[in-house]
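Trainee: The whole structure should be built from the sequences, with the hints applied where relevant.
4 protein chains.
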Amino acid sequence: MKSDLPTATLLVSCPDQKGLVAKIANFIYSNDGNIIHADQHTDFNTGLFLTRVEWQLDGFVLSREEIAPAFAQFSACFGAKWQLFFSDRKPRISIWVSKQEHCLLDLLWRSRSGEFAVDVPLIISNHPDLKYIADQFGIDYCHIPITKDNKSQQEAQQLEILQKYQIDLVVLAKYMQVITPNFINQFGEIINIHHSFLPAFVGANAYQKAYQRGVKIIGATAHYVTDDLDAGPIIEQDIINISHRDDVKDLICKGKDLEKLVLARAVKLHLQNRILVYGNRTVVFK
Amino acid sequence: MKSDLPTATLLVSCPDQKGLVAKIANFIYSNDGNIIHADQHTDFNTGLFLTRVEWQLDGFVLSREEIAPAFAQFSACFGAKWQLFFSDRKPRISIWVSKQEHCLLDLLWRSRSGEFAVDVPLIISNHPDLKYIADQFGIDYCHIPITKDNKSQQEAQQLEILQKYQIDLVVLAKYMQVITPNFINQFGEIINIHHSFLPAFVGANAYQKAYQRGVKIIGATAHYVTDDLDAGPIIEQDIINISHRDDVKDLICKGKDLEKLVLARAVKLHLQNRILVYGNRTVVFK
Amino acid sequence: MKSDLPTATLLVSCPDQKGLVAKIANFIYSNDGNIIHADQHTDFNTGLFLTRVEWQLDGFVLSREEIAPAFAQFSACFGAKWQLFFSDRKPRISIWVSKQEHCLLDLLWRSRSGEFAVDVPLIISNHPDLKYIADQFGIDYCHIPITKDNKSQQEAQQLEILQKYQIDLVVLAKYMQVITPNFINQFGEIINIHHSFLPAFVGANAYQKAYQRGVKIIGATAHYVTDDLDAGPIIEQDIINISHRDDVKDLICKGKDLEKLVLARAVKLHLQNRILVYGNRTVVFK
Amino acid sequence: MKSDLPTATLLVSCPDQKGLVAKIANFIYSNDGNIIHADQHTDFNTGLFLTRVEWQLDGFVLSREEIAPAFAQFSACFGAKWQLFFSDRKPRISIWVSKQEHCLLDLLWRSRSGEFAVDVPLIISNHPDLKYIADQFGIDYCHIPITKDNKSQQEAQQLEILQKYQIDLVVLAKYMQVITPNFINQFGEIINIHHSFLPAFVGANAYQKAYQRGVKIIGATAHYVTDDLDAGPIIEQDIINISHRDDVKDLICKGKDLEKLVLARAVKLHLQNRILVYGNRTVVFK
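Protein chains in written order, with my numbering: chain A, 4 to 289; chain B, 4 to 289; chain C, 4 to 289; chain D, 4 to 289.
One should not assume that every hint holds.
No distinction is drawn between identical chains; accordingly, a pair holds when it is met within one copy or between any pair of copies.
To be verified - DSS-like mimics (lysine-lysine), calculated; alpha carbons at most 25 Å apart, straight line:
#, residue 1, residue 2
1, Lys289, Lys167
2, Lys212, Lys289
3, Lys134, Lys151
4, Lys252, Lys271
5, Lys21, Lys151
6, Lys257, Lys93
7, Lys257, Lys271
8, Lys271, Lys93
9, Lys134, Lys289
10, Lys93, Lys252
11, Lys289, Lys252
12, Lys102, Lys252
13, Lys252, Lys167
14, Lys257, Lys212
15, Lys154, Lys167
16, Lys26, Lys93
17, Lys84, Lys167
In case anyone wonders, no lab produced these hints; they're calculated from the structure.
Mentor: Right, dumping it as structure tokens:
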């Protein structure tokens, strides 16, 4: 079985050149690290090399504090952008909802059951309806109503709260408000679940639109949020078959199962530091 | 096992009212027909009743020639639109291609193996490249080049040939030309395969667009052709997963398998008279 | 949209003969019923005709009490076995669990959200662990420990409690005990979820066995329980892809999502009276 | 786009130890090789490290002839078993069939279209039926009838022919004869397609058995052939949904599409040297 010993993970992207696999592996090995996962991808269109390396901290010569500066110095010569994570440092996420509870409940269950290594200290909603779930799970519920007029000041409040709770990632779990570029500019780690196979049926009422078009499959898409609505880097997508017997109500019901699964898979991949974003694309090291 | 005795099939649509299932079943039963498949659907949004009934001709009191007039008279009172088919009358289809052979070969194999009950006397192409396949299968190959300037006269020629060969259905098996409304107006039974999960990526270069968008699934859609490009009634759709490792060439390669399967399923459903079109939607009686 | 008016549903099976579709439709129509769903299947191997008919009670000439005796008399001549259901009479189900909560929680959520039209008054378990969930949902939790020695008397107690709570259906939602033929003989409506694509990996430790065999897909199967372990009529099956990276722990984790979905779909189909069992097979009228 | 320059690929397995990723990458890098794919897997149950490394030959300091001896010497100290492949050396495969043509035709099409980098000089069959396909594609067709009595001498003949044609891989594309351990002992590179999701429905008549069991999905499995019937290391599996409407004939028809796809995927993965077998398992480096 896989060990549960703490690990460090590096996500690295840089211009492609000969020897990168060897160099990065050597950085770990020369410090007595035992690599348990290494994967990489070269995007030949952009000339980018992207890699994920995970190694056990046990026996590693560098202390946690020393790793980042050492890798910064080491990787400067090949122009790398990189992130460093430790497996025993649980990310803190805030789940945002409106009135629908299925994705929220699903994420909370997975967290409680230990499937996700995560802390969920904060739920934010533009409606008060789902507070009872927060209470059940002992999580703070912050009700911040949004209108056309108050959005910018409410977003300021949201940002303040995220900072106060030291949130690493916001998960929009059926949060029915558009996030403004201003917000995204200040807090960029946001995953959204959209109820269609993007790029089809962008925006509101995706199931109604799918029904109108007479499609034979419906889908769901988890993606990072960017300034362009439903156009950010896609993490995960899936579909199910429907038939002429399914009206809009049936699509919504069937879609809920998809939304839960696709969002959960995306969040899990993010929490395991398996996703590298470049341009408007993701590399998902599964 | 299912019997191979010849059957008749009625596809009927009419305004919904009480008793339609009973009335239509009685029409068959009162003439000593043995129903082997009956399915129906009510579209509550449009108030339409749609049904498919298939019965064995063996022992049926009415002769083949008498059925249509009898049903016309019988169904006049509930305003039905209907079509009648006999299972031992093989439809005649014309397959249209450009330069890619995979869908053509797949359809011809299925025809030759007996999976499709169909005659394929005619292949039409705007290129000469695939004539060797027509020769292999002993099918006439009609090369009709299309340019911007000659399209209307070439379509006139195509219509003439379809009539000469008594074609019931045209299958666009990677035919890379838009069919004009004028043509469709004169010959409406056309199935197309599009290389995306519609309505995403309409028009040309769907795989290139899919790659650019960074999707994690690609799809294919079989639909009837209407005046609006890639917007006709959808018959069948399917998808496969892709990853960051797949470049455009990989998408094209993986997509071929999808295109073949989705088109074959749609053509088979059509040949079995299982599809009822209403508005821009299909009911597929599986 | 579909109406929410109450309906009656007949599930009928009988030896195949000419005219059955017409006769049964006439029974409804002659009593002024509006059929909203009718589907049938003929099994040519066994010579059985199987059908599901659903019609609106509004305007139906027969009262609810009169329908069963009338249909009994009507159908006697063609030797039908049949069941009658009313859509506004909620079935009462008892969910049985051991220590794993995922299927239980999923079923309870779907019930609470209105996806299932059902009452869940009773949870039975051979362990006390999941009582807290019963408490959260306000459901009685009956802890009945099972050992080799006490099984027959404990089953007697279980049967008594089912009777007391007037339970229509038992759902084994990861209940890790074999039900004896004696129990099944007295209470036959039992749905189980098995953690493999049956008939592969019967019995305990299915994920361990799947890992040992090196399969590339894992599955789940919902079936009715019969005397033969994991060999009853199958209602629903689904699978997901796995890879060499997945160890047994990963299979268990991925399998949970499958188990939840497959069991939920099966229970929903049962609650909608869409399943007819004959021999060791099911007809599922979707 | 990916380059089409020739590459070398190493498949390596050895006892796990620290530094293997670095060491192997260094072997390539120190000889001026540009790695374009490197993936590895550690099986913690068996303590095995398994890896695939592919690099461009252009600019590599070692000549093709020098690579194997150099790597042999280099890897001796960590007890590696390994194989070396060159991308521009096309494997030679022999396809074996009985009477069904669908898998054969599918493989030949993919070869001809360039999807597979392969030579197919030889088809072997225990029946004469499919010779016409061999003729169409200009491939030698060797008819070797098998009876209970002549199997051992016929296998001797088969082995001789494989040697004469310098065959690297045998693909059993619906070859309905069991290969004996004696044969496998002398020629071990054999891929088979089995018409079920193994380990369910081992041996003959898998669709008949699937129908009898009343399953709701059918599958296909591609695996390497070992002494135990249908029990070798699994490469690829897939399934499709079926319903009560599908009789055995329908399962066979639907299954053909699965068999073609699953076998083609497995052969392609093998031809790309992406599969490492250890014990009764495969690692598939996708």
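Trainee: Given identical chains, is Lys21 near Lys151, meaning Cα to Cα at most 25 Å, within a copy, between copies, both, or neither?
Mentor: For Lys21 and Lys151, neither the intra-copy (53 Å) nor the inter-copy (49 Å) Cα distance is at most 25 Å.
Trainee: Up to 25 Å between alpha-carbons, please classify Lys252 paired with Lys167: within, between, both or neither.
Mentor: Intra 40 Å, inter 36 Å, cutoff 25 Å: neither.
Trainee: At most 25 Å between C-alpha atoms: does Lys102 with Lys252 qualify within a copy, between copies, both, or neither?
Mentor: within (17 Å within a copy, 34 Å between copies)
Trainee: What label fits Lys26 with Lys93 when the C-alpha limit is 25 Å: within, between, both, or neither?
Mentor: Neither way: Lys26 and Lys93 sit 29 Å apart in one copy and 32 Å across, limit 25 Å.
Trainee: From the Cα coordinates, with 25 Å as the cut-off, is the pair Lys289 and Lys167 best called within, between, both, or neither?
Mentor: neither (33 Å within a copy, 43 Å between copies)
Trainee: Should Lys271 paired with Lys93 be assigned to within, between, both, or neither, using CA atoms and 25 Å as the limit?
Mentor: Classified as within; 12 Å inside a copy, 38 Å across copies.
Trainee: Given identical chains, is Lys257 near Lys271, meaning Cα to Cα at most 25 Å, within a copy, between copies, both, or neither?
Mentor: both (22 Å within a copy, 12 Å between copies)
Trainee: For Lys212 vs Lys289, is the C-alpha pair at or below 25 Å within one copy, between two copies, both, or neither?
Mentor: between (33 Å within a copy, 23 Å between copies)
Trainee: Regarding Lys134 and Lys151, is the shortest C-alpha distance of 25 Å or less found within a copy, between copies, in both, or in neither?
Mentor: within (23 Å within a copy, 45 Å between copies)
Trainee: For the identical chains here, do Lys84 and Lys167 meet the 25 Å Cα criterion within one copy, between copies, both, or neither?
Mentor: Neither: 28 Å inside a chain and 55 Å across chains, both beyond 25 Å.
Trainee: Is it within, between, both or neither when you check Lys289 against Lys252 at 25 Å Cα-Cα?
Mentor: For Lys289 and Lys252, the Cα distance is within 25 Å only across copies (16 Å; inside one copy 34 Å).
Trainee: Go through the copies and call it for Lys257 and Lys93: within, between, both or neither, with a Cα cutoff of 25 Å.
Mentor: between (32 Å within a copy, 21 Å between copies)
The structure is inconsistent with the numbered hints 1, 5, 9, 13, 16, 17, although it conforms to all the rest.
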